[in-house]
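Q: Protein sequence lines, in the order shown, are assigned to chains C and U.
This note's numbering puts the first residue of the first sequence at 2, with every later residue one more than the last.
This note's numbering puts the first residue of the second sequence at 2, with every later residue one more than the last.
Honestly, the hints are just simulated from the structure, not real lab data.
One or more of the hints may lead you astray.
Identical copies go unnamed one by one, so any copy, or any two together, can satisfy a pair.
[What the hints assert, rightly or not] For lysine to aspartate or glutamate, the following DMTMM-like pairs were computed, each having C-alpha atoms within a straight-line distance of at most 25 Å:
#, residue 1, residue 2
1, K70, E95
2, K99, D53
3, K70, D53
4, K70, D38
5, K122, D27
6, K99, D65
7, K6, D64
8, K115, E130
9, K97, D64
10, K7, E74
11, K97, E37
12, K99, E32
13, K7, E130
14, K7, D65
15, K70, E32
16, K97, D65
17, K99, D87
For reference, the chains in residue letters:
Number of protein chains: 2
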Amino acid sequence: MTGVKKINHVAVVVADIDAALAFWQDALGLELHHVEDVPSQKATVAFLPVGDSEVELVKPTTDDSGVAKFLAERGGGMHHLCFEVDDIAAKLAEMKAKGVRLINETPIELPGRKMAFIHPKSTGGVLVELYEVT
Amino acid sequence: MTGVKKINHVAVVVADIDAALAFWQDALGLELHHVEDVPSQKATVAFLPVGDSEVELVKPTTDDSGVAKFLAERGGGMHHLCFEVDDIAAKLAEMKAKGVRLINETPIELPGRKMAFIHPKSTGGVLVELYEVT
Chain C
2 MTGVKKINHV AVVVADIDAA LAFWQDALGL ELHHVEDVPS QKATVAFLPV GDSEVELVKP
62 TTDDSGVAKF LAERGGGMHH LCFEVDDIAA KLAEMKAKGV RLINETPIEL PGRKMAFIHP
122 KSTGGVLVEL YEVT
Chain U
2 MTGVKKINHV AVVVADIDAA LAFWQDALGL ELHHVEDVPS QKATVAFLPV GDSEVELVKP
62 TTDDSGVAKF LAERGGGMHH LCFEVDDIAA KLAEMKAKGV RLINETPIEL PGRKMAFIHP
122 KSTGGVLVEL YEVT
């Protein structure tokens, strides 16, 4: 079976990056690597590495994205859990053969990475992302 | 500031351990370390190490625990995010001084570990656990 290397990141939806950093950086003590506008995700993201993973604070920048709807309906909180894999295409094929419902049947390709989401209906309620460094 | 070492675990509340393992172990491909009854948490927990962290699948064994209420109200999903720290007492004191609302002002001490929860009101909606290996 294709390997899962680590938790790449845990994504937390927030209403306000600065207010969120008052907890995650100033009180909890995580290091802030950088804050980046990510137009493809319609979000501003703060990256806080910890161990071999990251916490990503995701603030929607429009009203029509999945994270914007999550924030409007449920308030801030954990949004998805991302695992880094060796071979995302092989992993998606394995999952599909096992009847797992995929949001992305083929990976989204971006510079330096490929990513795909698994539907929470197949995971017991967790939005799972797979991520391959390319 | 007292250091945060890594994500110790991400806890996922599940209704059925075997059904959950059909995804997390069989389809995603995480290694199952062991399944353990944890009476102090009124839960059965499956431990799946990945990278320097773990996914913990938590099935409530009574109706009156926090995880049982979470499952009844929201269904399965991510429940809390646990960070391993060097010195939990110092970290809690730092947080309290910064006005963070703590669920446990003094750590719960168990063999080999100390743990405490931070209230989601202070984190932007995430139940955060701190964990020190002793």
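Q: Indicate, hint by hint, whether the structure satisfies it.
A: Hint by hint, here is what the structure shows:
| no. | hint | verdict |
| --- | --- | --- |
| 1 | K70 <-> E95 | neither (31 Å within a copy, 34 Å between copies) |
| 2 | K99 <-> D53 | neither (29 Å within a copy, 27 Å between copies) |
| 3 | K70 <-> D53 | neither (30 Å within a copy, 32 Å between copies) |
| 4 | K70 <-> D38 | within (19 Å within a copy, 37 Å between copies) |
| 5 | K122 <-> D27 | between (36 Å within a copy, 16 Å between copies) |
| 6 | K99 <-> D65 | neither (32 Å within a copy, 35 Å between copies) |
| 7 | K6 <-> D64 | neither (34 Å within a copy, 35 Å between copies) |
| 8 | K115 <-> E130 | within (10 Å within a copy, 31 Å between copies) |
| 9 | K97 <-> D64 | neither (32 Å within a copy, 35 Å between copies) |
| 10 | K7 <-> E74 | neither (30 Å within a copy, 30 Å between copies) |
| 11 | K97 <-> E37 | neither (33 Å within a copy, 30 Å between copies) |
| 12 | K99 <-> E32 | between (39 Å within a copy, 17 Å between copies) |
| 13 | K7 <-> E130 | both (12 Å within a copy, 20 Å between copies) |
| 14 | K7 <-> D65 | neither (31 Å within a copy, 33 Å between copies) |
| 15 | K70 <-> E32 | neither (28 Å within a copy, 34 Å between copies) |
| 16 | K97 <-> D65 | neither (29 Å within a copy, 37 Å between copies) |
| 17 | K99 <-> D87 | within (19 Å within a copy, 41 Å between copies) |
Hints 1, 2, 3, 6, 7, 9, 10, 11, 14, 15 and 16, counting from the list given before, are not met by this structure.
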